[in-house]
Amino acid sequence: MSSQQMAQAEPKPAEAGQFEPRILVFCCNWCSYAGADLAGVSRLQMPTNFRVIRTMCSARVDPEFVLRAFASGADGVLVLGCHPADCHYIGGNYRTRRRIALLRVLLEQYGFNPDRLKLEWVSASEGQKFQKTIKEFDAMIRDIGVNPINEE
Amino acid sequence: MSKIKLAHYWGAGCGGCDVALLDIDEKILGVAEIADIVFWPIAVDGKVKDVEAMPDKSITCTLFNGAVRNSENEHMAKLLRQKSAIVVSFGSCACYGGIPGLGNLTNRKEILELVYTKLPTSDNVERVFPQAETHTKDGDLELPVLYDTVMTLDQVIDVDYYMPGCPPTTNLINEFLGIVTAHVKEGAPLPPKGAMIASQKTLCDECKRKKAVKKIDRIYMPHEIAIDPDKCMLEQGIICLGSSTRAGCGAKCLEGNQPCRGCMGPTAEVLDQGGSMLSALASVYRVEDNEALLSEDNIATLMAQVKDPMGTFYCYTLPKSIIKRKVKEKKQVKKEV
Amino acid sequence: MSGPILSDEKTTSTSKRITIDPITRLEGHGKIEIFLDDSGNVANAYWQVPELRGFEAFCIGRSVEDLNKITSRLCGVCPGAHHLCSTKALDGVFNATPPPTAIKLRELFYAAHYVHSHIAHFYALAAADFVLGPCAPAATRNILGVVGAVGVPVGAEVIKHRSYAQKVQEVIGGKATHPVCGLPGGMARVITEDERKKFEAMSKSCVEFAKFTQDIFANVVLKNKDYLDIILNKDIYYQETYNLGTVDKNDKINFYDGTQKMIDPDGNEVARYKDKEYTKYIAEHVLPWSYEKFCYFKPVGWKGLVAGKDSGIYRATPLSRLNVSKGFTTPLAQAEY
Chain D
7 MSSQQMAQAE
17 PKPAEAGQFE
27 PRILVFCCNW
37 CSYAGADLAG
47 VSRLQMPTNF
57 RVIRTMCSAR
67 VDPEFVLRAF
77 ASGADGVLVL
87 GCHPADCHYI
97 GGNYRTRRRI
107 ALLRVLLEQY
117 GFNPDRLKLE
127 WVSASEGQKF
137 QKTIKEFDAM
147 IRDIGVNPIN
157 EE
Chain H
247 MSKIKLAHYW
257 GAGCGGCDVA
267 LLDIDEKILG
277 VAEIADIVFW
287 PIAVDGKVKD
297 VEAMPDKSIT
307 CTLFNGAVRN
317 SENEHMAKLL
327 RQKSAIVVSF
337 GSCACYGGIP
347 GLGNLTNRKE
357 ILELVYTKLP
367 TSDNVERVFP
377 QAETHTKDGD
387 LELPVLYDTV
397 MTLDQVIDVD
407 YYMPGCPPTT
417 NLINEFLGIV
427 TAHVKEGAPL
437 PPKGAMIASQ
447 KTLCDECKRK
457 KAVKKIDRIY
467 MPHEIAIDPD
477 KCMLEQGIIC
487 LGSSTRAGCG
497 AKCLEGNQPC
507 RGCMGPTAEV
517 LDQGGSMLSA
527 LASVYRVEDN
537 EALLSEDNIA
547 TLMAQVKDPM
557 GTFYCYTLPK
567 SIIKRKVKEK
577 KQVKKEV
Chain E
25 MSGPILSDEK
35 TTSTSKRITI
45 DPITRLEGHG
55 KIEIFLDDSG
65 NVANAYWQVP
75 ELRGFEAFCI
85 GRSVEDLNKI
95 TSRLCGVCPG
105 AHHLCSTKAL
115 DGVFNATPPP
125 TAIKLRELFY
135 AAHYVHSHIA
145 HFYALAAADF
155 VLGPCAPAAT
165 RNILGVVGAV
175 GVPVGAEVIK
185 HRSYAQKVQE
195 VIGGKATHPV
205 CGLPGGMARV
215 ITEDERKKFE
225 AMSKSCVEFA
235 KFTQDIFANV
245 VLKNKDYLDI
255 ILNKDIYYQE
265 TYNLGTVDKN
275 DKINFYDGTQ
285 KMIDPDGNEV
295 ARYKDKEYTK
305 YIAEHVLPWS
315 YEKFCYFKPV
325 GWKGLVAGKD
335 SGIYRATPLS
345 RLNVSKGFTT
355 PLAQAEY
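Residue numbers (the working numbering), protein chains in the order written: chain D, 7 to 158; chain H, 247 to 583; chain E, 25 to 361.
Rather than coming from a laboratory, the hints here were simulated on the basis of the structure. Check each hint, because a few of them may be wrong.
Derived PhoX-like pairs (lysine-lysine); straight-line CA-CA distance at most 25 angstroms [stated by the list, open to error]: (1) K454(H) / K327(E); (2) K577(H) / K124(D); (3) K553(H) / K124(D); (4) K364(H) / K298(E); (5) K327(E) / K364(H); (6) K112(E) / K553(H).
Isolated chain D (complex conformation) (with noise of 0.2 angstroms):
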């Protein structure tokens, strides 16, 4: 994420004292970016403080780039992609789901609440699962807290 991005990911000020969630969600170009597009312009109702970052697939979302975001603060990170079978790329999604699997034990042992990241299906025809999975999502993080990075 380049630091003009990091700067637009800034959530907007809270009310002091409370945790307002950074949340970075990753979508896939084929499916979950048009589900994204498409609550948007069916003006459901969610949750403003994520930044989604748009890749081919969600394949390409390599574990740099989660390890990145958590070393840069991000409170969650959601991976979203096309459901098993409606990958563009045929497997792309398979993959993402076993380095997603890994990852979390990975961060298990770092000693973050590996439920900070979340892999999710969402088509282009999903609006409302998009909508729920952020709400769901956003109620999560900020029952799980803050990044302990950010508090040291």
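With the hints as your guide, set chains H and E onto chain D.
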């Protein structure tokens, strides 16, 4: 021709890098021809006060091995930087933290508690711990302060060159000594600052094993199968860090019929060796016919075959990784029983 | 070759404290603080270990199969010992008895390790004291000074035979420093007939070199009365302590396997135990001025840093190995016993 001055020092290391310098065998006599070894605790009788008395930049080249784990390591790193024209980060611990870098999975307090009070052999009901200062009837004694976090050499001082390896191989050491000798004798240019004295490729490039199709069904520990010495280790289901590791070591562990554990660190293109290997390993699992029907739990179970991702993927590079050390969540996770 | 320099100009210390930092020609970090009384004699001395890496803590959570690779990093001069020790612990964890071939390979590997380690110690680390003498100029007291004194041809023999030992370890273990060969219940790699023949030739050469070394020691040290007066002086180099070493069923020295035998300062056997029972016999005391813990024989107990039969302090060294045993199993070594 006046001789150049060499120093070799250890921080939080094991002495293996020092032995590696002896392993260049008869070439050590060639080193003696061009250089005076002015400080090398494992082999030469110089003291810290001798180094302190040297003029700044008077040591031509210091090879610094070992990580920075306490205040003495940091002090010596800074002192030798001040006294040396060139500093080489020598070996995996100095470059990436190395095995002692795994200490970043714990902290000062946990280490002291365990080592001095909780081991089966501990005899310490009085809970005595090593102190920075102790007053004895004879006088005051000092000890360095153990740090919470293990650091690499270049996180503490400016480093000119890097030579990874646990320990660096004879070939790499000879290569570097050749560069220094040519510089001293013929005025040949030195490599650009920050150069890595190693290969620029990945270890797979150097490994002689036959590689075919990387698709595995499960992971094996090295003792669980009869390893084919001619076939790619990863293709046999054994986690080998070769694909995420810099070449230059001659694939010696593979010659010993065991997988690479990544002591040479990542290549220049990769920031995080562990993340890179995690990605590679997750990708070589065979996709099942019923893949679409597998649940996230199924996949989690499959990936749980990697028993210790941290120790496997970051065995030598944790302090140089993106996250660097273990963190502590305020709200503890409730583990399901 | 002139004899060792055993005395130098006496100087008077103006300080009441002498600091030796770091100790040199030894693996590991250490410093010595010596306190003098009003008449300039030694009142007390402290040997401090200023380092701790915390292996005990960061080994927790690692795959048990990886521990023999991790713990070898305790020491890069004797990694073979730590690697095999941990490998034997793995045999125990998996309840796996290695086949005879694997045991022979381990013994061969360890013998080679022993040759390397003892050549390194004898010639590179210790020889400066008895060939050049403890009062030789500090700048010459090192391996290069020793080679200068004994001549390049002898130096070349030293280098060649240490190199042989490293080569044998490298072939069996992948790497000589930080080998990867040990697996629970076995070894990672077989050796070929061609390699075996080479090993045999190198081993025979090493035996001849050992005889040569024995002669050097006899000529330079044992025949030098002035030297013996120093090292046999009971006021300087003599401590009566318990001794611990590994012996076989005939009480002969064994380097790979056997039982631990402890004798008291009078030479009486006071304990004999298998490795896994060690916590019954050995405990560790903590003092605030050193990161090193102080091991003692538990049945006698910790009575402070004092020698004698009433103090649990013991040695576990090459000397104690000789003290506890009834000799060697090989004829040439037995002849020297």
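To see whether the hints hold, each was checked on the structure:
1. K454(H) / K327(E): 58 angstroms, violated
2. K577(H) / K124(D): 18 angstroms, holds
3. K553(H) / K124(D): 21 angstroms, holds
4. K364(H) / K298(E): The given pair, whose Cα atoms are some 23 angstroms apart, holds under the 25 angstroms limit.
5. K327(E) / K364(H): Given pair K327(E), K364(H) holds - Cα atoms ~21 angstroms apart, limit 25 angstroms.
6. K112(E) / K553(H): Holds. K112(E) to K553(H) sits at ~22 angstroms (cutoff 25 angstroms).
Hint compliance for this structure: hint 1 is the single one not met.
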